[in-house]
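Chain A is fixed; fit chain B onto it per the hints.
Chains as they are written, first to last, in this note's numbering: chain A, 64 to 368; chain B, 2 to 274.
Take the hints with a grain of salt, since some may be wrong.
From the derived model, a few chain B residues whose C-beta atoms are all more than 10 Å from chain A [as the list claims (entries may be wrong)]:
1. Arg21
2. Gly54
3. Asp58
4. Thr61
5. Arg71
6. Leu77
7. Glu122
8. Ser139
9. Gly141
10. Met168
11. Thr171
12. Gln238
13. Val265
Looking from chain A toward chain B, a few residues come up when the C-beta cut is under 8 Å (computed) [what the hints assert, rightly or not]:
14. Pro81
15. Leu83
16. Ile86
17. Val94
18. Ile159
19. Val160
20. Arg170
21. Gln174
22. Gln191
23. Phe196
24. Ile200
25. Ala289
If you're looking for bench data, these hints aren't it; they were derived computationally from the structure.
For every residue, glycine included, the Cβ atom is placed at its ideal position computed from N, Cα and C.
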Amino acid sequence: MTVTPTAAALRRLIGLAPALFVIGLFMLVPVAVMALYSFLESNPFGGVVWRFSPEAYLQFLFERDLADNLVFNPGYLIIILRSLGLAILATILCLIVGFPVAYFIVRQPAQHRSIWIYLITIPFWTNQLVRTFAWIIVLGRNGTVEMPFRWLGLLGEDDTLGLMYTDFAIVIGLIYAFIPIMVLPIYASLEKLDFRLVEASSDLYSSTFETFRRVIIPLARPGIVAGSILVFIPCLGAFIQPDLLGGGKKLMLGSLVQFQFATARNWPFGAAVAMILLAFVILCLLWYAQAARRAGSHAGALAHA
Amino acid sequence: MPEARAPAQFRNAGEVPGLRPAAYGFMAFLYLPIAILVLYSFNAGSLVMVWSGFSLDWYTKAFANADIQRAALNSLVVATVATALATVIATLAALVMTRGGPFRGRGASLVLISLPLMVPEIVTAVAMLIVFAGTGLSLGLGNVIIAHVTFCIPFAFMPIRARLEGMDTTLEQASADLYGTDWATFRYVTLPILMPGIVAGAMLSFVISIDDFIITMMVAGAGSTTLPVYIYSMIRQGVTPEVNAVSSLLLLASVLLVTLYWLVTRRREAADN
Numbered sequence: 064m065t066v067t068p069t070a071a072a073l074r075r076l077i078g079l080a081p082a083l084f085v086i087g088l089f090m091l092v093p094v095a096v097m098a099l100y101s102f103l104e105s106n107p108f109g110g111v112v113w114r115f116s117p118e119a120y121l122q123f124l125f126e127r128d129l130a131d132n133l134v135f136n137p138g139y140l141i142i143i144l145r146s147l148g149l150a151i152l153a154t155i156l157c158l159i160v161g162f163p164v165a166y167f168i169v170r171q172p173a174q175h176r177s178i179w180i181y182l183i184t185i186p187f188w189t190n191q192l193v194r195t196f197a198w199i200i201v202l203g204r205n206g207t208v209e210m211p212f213r214w215l216g217l218l219g220e221d222d223t224l225g226l227m228y229t230d231f232a233i234v235i236g237l238i239y240a241f242i243p244i245m246v247l248p249i250y251a252s253l254e255k256l257d258f259r260l261v262e263a264s265s266d267l268y269s270s271t272f273e274t275f276r277r278v279i280i281p282l283a284r285p286g287i288v289a290g291s292i293l294v295f296i297p298c299l300g301a302f303i304q305p306d307l308l309g310g311g312k313k314l315m316l317g318s319l320v321q322f323q324f325a326t327a328r329n330w331p332f333g334a335a336v337a338m339i340l341l342a343f344v345i346l347c348l349l350w351y352a353q354a355a356r357r358a359g360s361h362a363g364a365l366a367h368a
Numbered sequence: 002m003p004e005a006r007a008p009a010q011f012r013n014a015g016e017v018p019g020l021r022p023a024a025y026g027f028m029a030f031l032y033l034p035i036a037i038l039v040l041y042s043f044n045a046g047s048l049v050m051v052w053s054g055f056s057l058d059w060y061t062k063a064f065a066n067a068d069i070q071r072a073a074l075n076s077l078v079v080a081t082v083a084t085a086l087a088t089v090i091a092t093l094a095a096l097v098m099t100r101g102g103p104f105r106g107r108g109a110s111l112v113l114i115s116l117p118l119m120v121p122e123i124v125t126a127v128a129m130l131i132v133f134a135g136t137g138l139s140l141g142l143g144n145v146i147i148a149h150v151t152f153c154i155p156f157a158f159m160p161i162r163a164r165l166e167g168m169d170t171t172l173e174q175a176s177a178d179l180y181g182t183d184w185a186t187f188r189y190v191t192l193p194i195l196m197p198g199i200v201a202g203a204m205l206s207f208v209i210s211i212d213d214f215i216i217t218m219m220v221a222g223a224g225s226t227t228l229p230v231y232i233y234s235m236i237r238q239g240v241t242p243e244v245n246a247v248s249s250l251l252l253l254a255s256v257l258l259v260t261l262y263w264l265v266t267r268r269r270e271a272a273d274n
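Chain A on its own, in the form it takes in the complex (with noise of 0.2 Å):
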């Protein structure tokens, strides 16, 4: 090639510039002034004042009482704890739902499969708002899981079943929301699966049970905390789950980022907020990133092997 090494770094910059830049600008500096405004004081009349401040950070566990001393107050800690339980719960429960989905495609012919995984890829990118929304119609009061009680009169003209705006409402809508892309990676550690080893396992008299456990689930590991991490995340920074199905009585980080920006304006302590929900991204990913460097330094020791 004809391009010197200055001209190729030029082009490299020229190119890349406008990628770094935008996403730079609008995104990385964006989320930097946010950790700054953490740190802040609040303006009452929104926005902050510059002033530095931990209060936004005390304020996850004390409040202020009327003599200014701090005292201890559980209940942002408790939406902490609530988001986390109910994203672990919704990437559980995507799991076990999920698994056997993607082993039964796994085991369809060729053909078959791509319409499948077309089939679980289409509500992922239909908007996730609708399809919240498509579960106030089911869960809601009249809706569809009721109408059947109605009808059959075990249910009076006022009384509901009371499923909407609860935990069991905002973990359907969140496994809902996000369990094809748990779905989507397992399957694709199935695929590359030797079923010989599977039948290996059950000729030497392995129970179905025993070769689940002990020869598919460990080769489609990677699968399962790809999958596990790409729900996790999204579930514990959910808003539209909790806002609509949970009635916005049920807070999450999400929707608690949300409210202190729109509604309480309390600028610093949504930030704060914000940070801790990067945080535990950001541990998450760490987390994966060094599951994934093991799991490949055993691919690598098994293919030297």
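Frame of chain A, contents of chain B only:
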């Protein structure tokens, strides 16, 4: 992909009874709520949950609603402009990443480009809100477009980079051997082969932009509402079947786009094999 499955005689090993009904049940779970929503959009009555006969009234009403028209137009403008910009930016970046050789900051650039995929949407949303509000940047629809370009870049980038990585470079080398200039090689060899990747990237970014709700809601000022944000306000104000009609149309648009994407990539795979 070569056939990696076991020969037929091994198929019975690892077969688990009851998986088929479970998989069909799963599909029902995936599609029934959407089907119910679409079904109710044809409901004649004004109560969402009570079926009172078939009608297209709510579609007529939705089409005649000036606010919905404006929101839909905004959505189209934002998605078109954002997709065009994001696709060009992503194509340039993908070319550097796959053809630019090793250079310092390559890994960091890759992390930066995929940042919008990893940071939760609500965090991106408020971070952008802080900066837009803090700098007083108020470009109307422009703010929304800037936000959409930012988060569409990685979605456009992924299929384009995948296509470039899977591409046979011998044709590009042949072109250079035949005294094709760099530009001619790019214009007449690389770009045509890359085109399916670019189309795929553009489609993904269009779907992502059309569907985005949280980020748009936070950065959009009055008058720059998009369809999902408008739908949200309709849901909040109390549900009329008009929401079902608009929602069904939005679903239909996404399904058509994704189907098109699927057909494009499938034909590509078939051609490559």
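Now the hints, each set against the structure:
Distance to chain A contradicts Arg21(B) as a non-interface residue, since its nearest Cβ pair spans about 7 Å, not more than 10 Å. Interface exclusion of Gly54(B) from chain A stands, the closest Cβ pair being 17 Å apart, more than 10 Å. The beta carbon of Asp58(B) is kept farther than 10 Å from every beta carbon of chain A, the shortest such distance being approximately 18 Å. With a least CB separation of 20 Å from chain A, Thr61(B) remains clear of the 10 Å interface cut-off, as annotated.
No beta-carbon of chain A is positioned within 10 Å of the beta-carbon of Arg71(B); the least distance is around 18 Å. At roughly 15 Å, the least C-beta separation between Leu77(B) and chain A is larger than 10 Å, which holds for a residue marked as non-interface. Separation of Glu122(B) from chain A is inadequate, the least Cβ-Cβ distance of about 7 Å not exceeding the 10 Å criterion. Distance check on Ser139(B): its Cβ is at least 15 Å (rounded) from any Cβ of chain A, clearing the 10 Å threshold; non-interface status holds.
With a least beta-carbon separation of about 16 Å from chain A, Gly141(B) lies farther than 10 Å from that chain, consistent with its non-interface assignment. Interface exclusion of Met168(B) from chain A stands, the closest Cβ pair being 17 Å apart, more than 10 Å. With a cut of 10 Å on Cβ distances, Thr171(B) stays outside the contact zone with chain A, its closest approach being about 14 Å. With a cut of 10 Å on Cβ distances, Gln238(B) stays outside the contact zone with chain A, its closest approach being about 13 Å.
Annotated as non-interface, Val265(B) keeps its C-beta farther than 10 Å from every C-beta of chain A; the closest such distance is 13 Å. Below 8 Å, beta-carbon pairs count as interface contacts, and Pro81(A) has one with chain B at about 4 Å; its hint therefore holds. A hinted interface residue such as Leu83(A) counts as satisfied when its beta carbon comes closer than 8 Å to some beta carbon of chain B; here the least separation is about 6 Å, so the hint holds. Look at Ile86(A): its Cβ gets to within about 5 Å of chain B, closer than 8 Å, so that hint holds up.
For Val94(A), the interface hint holds, since its Cβ comes within 8 Å of a Cβ in chain B; the closest pair sits about 5 Å apart. The closest approach between the C-beta of Ile159(A) and any C-beta of chain B is roughly 11 Å, which is over the 8 Å cut-off, so the hint fails. Checking Val160(A) against chain B: minimum C-beta separation of about 7 Å stays under 8 Å; hint holds. Below 8 Å, beta-carbon pairs count as interface contacts, and Arg170(A) has one with chain B at about 7 Å; its hint therefore holds.
At its closest, the beta carbon of Gln174(A) sits 11 Å from a beta carbon of chain B; the interface hint therefore is violated under the 8 Å criterion. Interface restraint check: Gln191(A) against chain B, minimum CB-CB distance 7 Å, threshold 8 Å, status holds. A cut of 8 Å between beta carbons decides the hint on Phe196(A): the least distance to chain B is about 6 Å, and the hint holds. The beta carbon of Ile200(A) is positioned within 8 Å of a beta carbon in chain B (closest approach about 6 Å), and the interface hint is therefore held.
Among the interface hints, the one on Ala289(A) is violated; its C-beta lies about 13 Å from the nearest C-beta in chain B, farther than the 8 Å criterion.
Checked against the numbered hints given earlier, the structure breaks hints 1, 7, 18, 21, 25 and satisfies all the rest.
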